[in-house]
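Residue numbers (my numbering), protein chains in the order written: chain A, 1 to 679; chain B, 680 to 830.
None of these hints come from the bench; they were simulated from the model.
Any given hint could turn out to be false.
[Stated by the list, open to error] The calculated DSS-like cross-link candidates involving lysine-lysine, where the alpha carbons are at most 25 Å apart (straight line), are:
(1) A/K593 x A/K507
(2) B/K798 x A/K527
(3) A/K11 x B/K806
(4) A/K604 x A/K620
(5) B/K689 x B/K826
(6) A/K678 x A/K667
(7) A/K678 x B/K798
(8) A/K622 x B/K806
(9) A/K620 x B/K798
(10) B/K733 x A/K667
(11) B/K733 x A/K11
(12) B/K687 x A/K620
(13) B/K806 x A/K667
(14) A/K269 x A/K429
(15) A/K667 x B/K798
(16) A/K622 x B/K733
(17) A/K678 x B/K826
(18) B/K806 x A/K678
(19) A/K667 x A/K527
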Amino acid sequence: MIQDPLKTQFKVKGVVVITTAMLTFITAWQAASIVLCDFASSAFYAGGIAMKAFGPAFPWYILGVMLFAGLLMMMYIESCSMFTRGGVFPVVNAGLGENAAKAAAAAILFDFTLTGPISGLSAGHYLSGLINSVLKAIHLPFALPNETVAVVFALLVTLYFWYQNVKGIEDSSDKSRKIIRFSMVICLILFVWAIITLIMRGHITLPPIKPHLNENSLGWASNFTFMQKIGFLGVLVALGHSVLALSGLETFAQVFREIEYPKIQNLKKAALIVFLFALLFTGGLTFLSSLIIPPELIESQYHDNLLAGLAMHLSGPNFLKLIMQGAVVLAGVAMLAGAVNTSIIGANGIMNRVAETGILTDWFRKIHKKYGTTYHIINMICFMQVGVILLSGGQLSLIGQAYAFGVLWSFVLEMSSLVILRFKNREQKRGFMMPFNKKIGHYYIPIGGAFVVVAVVLLAVVNLFTKKVATIAGFSFAALFFLIFHISQRINAKKANDIFEEGHREKLNQSEVENLSKAMEDIVGDKRILVPVKNPENLYHLEEVLKNVNDEDTEIIVLYAKPLDAWSVGKTRQSNNVDEQELFTKVILIAEKYGLTVHPLLVKCNDYSYAVAQVALAAKVKEIIMGVSGSYGANDQLERLVMAWGAVQQSRNLEQKESEKISVTAKIVWEGREVSYKF
Amino acid sequence: MTDISDIKLKINLDNIFLIKDNITKKELVEKLVHSICDKNPSLDAGEMLAAVLKREEGISTTLESALSIPHARVEDLDAFLGAFAVMTSPIEDDYGLPIKVMFLFFSPAGQPYFAQHLKLLARLSEKFTPEFVQELTTCTTPQEIAKKVNL
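Isolated chain A, as found in the complex (with noise of 0.2 Å):
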């Protein structure tokens, strides 16, 4: 029977714009500065709480942790190059098992869920310490109360944070990027102005290396004299208490997912940034600190203060000293806000490792309608946070008390993990491995890791003795959520069984657009290449066009037709089957792989080919490129493309095609071949 003409009008019939948060990428210098936010905020309070836990030696274990954070982060790098979404919770559960995944998730989820609030605390404080230095001087004769300062500071700023997280990472890592650049230039000129009051002094008094453990340092500890003995326990000793210098690395792996073409050379490169930055910034200005202000002065004045402190014992005019000063309170409040960012980042990213897994149930990865963004993630960890801030008091002491448990212990899962995958996972391809291996038959020994894991157990393990309150708290914390995890699991184990049969989904929000020019809209480059697709299982097309754009402009649009239901040209049964959240996941996974965003689009038609050609036209991309199809050879395919590109030609008057010229180039691409065609 011959279709009814309406049916034959091959016009596309419905336009749908997918969007998700997971298709926006970012720099190496804003990976870094999300990084550095929490990594390099440190710097504000971790020399003043290495000083009071055993001495005037803290500045050489503060710069031997920065270093040391070198070596993890090269194990980061590697961990990387084989999960592109990354981070403590797929590597435990591919090196150690689910269990281990879950218990090491849970233990950074405590650090995280302490960061925000520290950090945000702690710029408070400082904020607060400022003001009242300026009423005093001014003589005004009253002092805002700094622990109410501190709250409400801190309140304030993680509920920024918070909307700027609903909105999307983009906009959040843009503000990371310009805190860390203003505190790089008062960095400079801080450690500058301090290696020139220094050669004014002529003289220099390194500290002592030895450290002064006390019952506090030594926590349970102190009841075994045997640990007491100072010698490579007390080294350990005190490098336990110079560790919280390292929160924040595990953001590294959590931003890797989201950072930009090409993607490891990028990490390399913001791996480097931080390391320099933060040895310099966090280790070098400590160190600067112990060589310029006098010791008993660090432990009764600068404890909580220690970078302010420099700022005001620098050689020179004393209100240039002042002003120095205030610019550091201003970029210590600026850092230690981003860092209250990075947690939630942090937080979020390990949360969503973890359901993706089916392991939450569903309500976690609720995505926003308008941002795409896991909100429901969001809001819970900055709720934990609120509720922290608000125990708190204000009081920084407890929290920092509490502090290092996670870091130390994910570390030591993790690590282990990137160690056992070298023999479990030995064929699995590695950009980048941790260096200081031994061949050995098929398998690389990693020396270099392994010393690294050896480094991080004996920490982790002194840790446990010597930081009760970390310890209490932490096991308490990531006790909590491990049984959240394991209850969510039970609740959800159906889809979680689904999820582990069909693979994940990804969450995706489908806006249906009037036509085809309103869907183009976002898009703003010039050149365009469209990917038409199918079949999620014959993606290697797509693959080919991620690998070989080189350049940020090209705009790639993937497009899906699906055929109609009622009535399709050439529609087959498998065609009918297609699994349209199936074939975006696994569009959206190839493009992290690659760091390179894509414009996804849905067009509902009655013929493949017309529908392409009417997005390439209403795109003016400048190729198309297709895979090989299953039902018919490649160059069936393209005669299909041509005859309807020549027809969609039709809707063009002679004006247009006058004044608009269009060149576009097809090609079928399927392994180590293609054809192509220029129209």
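Starting from the known structure of chain A, arrange chain B on it as the hints suggest.
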């Protein structure tokens, strides 16, 4: 001989038909294949028909405009050979699409000719708009069709 977008296409009045009777798609394809092969004795009509029908088993060659372009790429051919027919009442293609004009051609096989082959398909599909196809169905003689198509 006509020139469609720089492609030399051998087609003459004997290869143009105005079909007023009931006919199936397969019968029409056979008619056009024979009309070409009759003028080119080196071509085996049976083989050519098989080649065109084999291609028709693949992705559709019928367009929204009710133009159908069955074709085959033939070894040892050095020119494009064509024939076409206009139906006063539409016939049905394999997907139920209406066909009002069928333009059948053979093109030389071999990679150098493939681009021209594709260009011919694109140009034909662009030239035969639904309005133009409809206009052709009102023609009363092959001569009139040839004039309108400008062959």
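We went through each hint and held it up to the structure:
no., hint, in the structure
1, A/K593 x A/K507, "holds, 18 Å"
2, B/K798 x A/K527, "holds, 24 Å"
3, A/K11 x B/K806, "holds, 18 Å"
4, A/K604 x A/K620, "holds, 20 Å"
5, B/K689 x B/K826, "holds, 16 Å"
6, A/K678 x A/K667, "holds, 9 Å"
7, A/K678 x B/K798, "holds, 9 Å"
8, A/K622 x B/K806, "holds, 23 Å"
9, A/K620 x B/K798, "holds, 20 Å"
10, B/K733 x A/K667, "holds, 24 Å"
11, B/K733 x A/K11, "violated, 28 Å"
12, B/K687 x A/K620, "violated, 30 Å"
13, B/K806 x A/K667, "holds, 24 Å"
14, A/K269 x A/K429, "holds, 20 Å"
15, A/K667 x B/K798, "holds, 15 Å"
16, A/K622 x B/K733, "violated, 33 Å"
17, A/K678 x B/K826, "violated, 31 Å"
18, B/K806 x A/K678, "holds, 18 Å"
19, A/K667 x A/K527, "holds, 16 Å"
Hints 11, 12, 16, 17, counting from the list given before, are not met by this structure.
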